[in-house]
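Knowing the structure of chain E, use the given hints to seat chain X on it.
First to last, the protein sequences are chains E and X.
Everything in the first sequence is counted per our numbering, starting at 1 for the first residue and increasing by one.
Everything in the second sequence is counted per our numbering, starting at 1001 for the first residue and increasing by one.
There's no promise every hint is true.
The calculated lysine to aspartate or glutamate pairs, modelled on EDC-like cross-linking and capped at a C-alpha distance of 20 Å, are [as the list claims (entries may be wrong)]:
{"#": "1", "chain 1": "E", "residue 1": "LYS41", "chain 2": "X", "residue 2": "GLU1005"}
{"#": "2", "chain 1": "E", "residue 1": "LYS41", "chain 2": "X", "residue 2": "ASP1039"}
{"#": "3", "chain 1": "E", "residue 1": "LYS36", "chain 2": "X", "residue 2": "ASP1039"}
{"#": "4", "chain 1": "E", "residue 1": "LYS18", "chain 2": "E", "residue 2": "ASP85"}
{"#": "5", "chain 1": "E", "residue 1": "LYS22", "chain 2": "E", "residue 2": "ASP85"}
{"#": "6", "chain 1": "X", "residue 1": "LYS1001", "chain 2": "E", "residue 2": "GLU44"}
{"#": "7", "chain 1": "E", "residue 1": "LYS40", "chain 2": "X", "residue 2": "GLU1005"}
{"#": "8", "chain 1": "X", "residue 1": "LYS1057", "chain 2": "E", "residue 2": "GLU104"}
{"#": "9", "chain 1": "E", "residue 1": "LYS40", "chain 2": "X", "residue 2": "ASP1039"}
{"#": "10", "chain 1": "X", "residue 1": "LYS1001", "chain 2": "E", "residue 2": "GLU56"}
{"#": "11", "chain 1": "X", "residue 1": "LYS1057", "chain 2": "X", "residue 2": "ASP1069"}
{"#": "12", "chain 1": "E", "residue 1": "LYS36", "chain 2": "X", "residue 2": "GLU1005"}
If you are wondering where the hints come from, they were derived from the structure by calculation, not from laboratory data.
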Amino acid sequence: ETGVTQTPRHLVMGMTNKKSLKCEQHLGHNAMYWYKQSAKKPLELMFVYSLEERVENNSVPSRFSPECPNSSHLFLHLHTLQPEDSALYLCASSQGSRTSSSYEQYFGPGTRLTVT
Amino acid sequence: KNQVEQSPQSLIILEGKNCTLQCNYTVSPFSNLRWYKQDTGRGPVSLTIMTFSENTKSNGRYTATLDADTKQSSLHITASQLSDSASYICVVIASGGSYIPTFGRGTSLIVHP
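Bound conformation, chain E alone (with noise of 0.2 Å):
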């Protein structure tokens, strides 16, 4: 296992759900990142958390709400999300700051998310 964790596996959710995604990294990576993958598309970086600093993709609709309490968790809130938004959704982390382009990533197993 690379040392991230993404609970849960597998969701189902209906359009008017509010649900979370948890990712919770045991390395002592001061940096966050969530993901999302659809199939036949490319990965899509959607938010990054350094050392308590968010950058966000500005195409990432308000519906997907990130939050990090602190270095090793990390949650995406999701609320009334649309069938296009299932995927999988995966957790990263890496040493450094956002700044630092060079580090290695860690990413976890991925929720798959189903929006009904």
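What follows is chain X alone, placed relative to chain E:
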């Protein structure tokens, strides 16, 4: 616009054979290029990270090359094994103050016995 194109989209080879995957990019300014292996149902795992000055880097049976002039990279797999069946993703990171990745769509490799 920054882009990463991978080829082929999918590849089927017999166990024990070699293969080469390609990655062409237009990302600028360049910081580094990464190859990841992603098994079905799992997150990507890093194989190599290459900076501008590195031409070749190996990780076991995986050898990555980088030609920064032509903006091309390749991943060569030697003596393939059934466990090499996976998606291989090329990622190019731009420099300039923030982490800015551009991902390819990946090459799906199937190794048959």
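Taking the earlier hints as the rules, which of them does this structure contradict?
none
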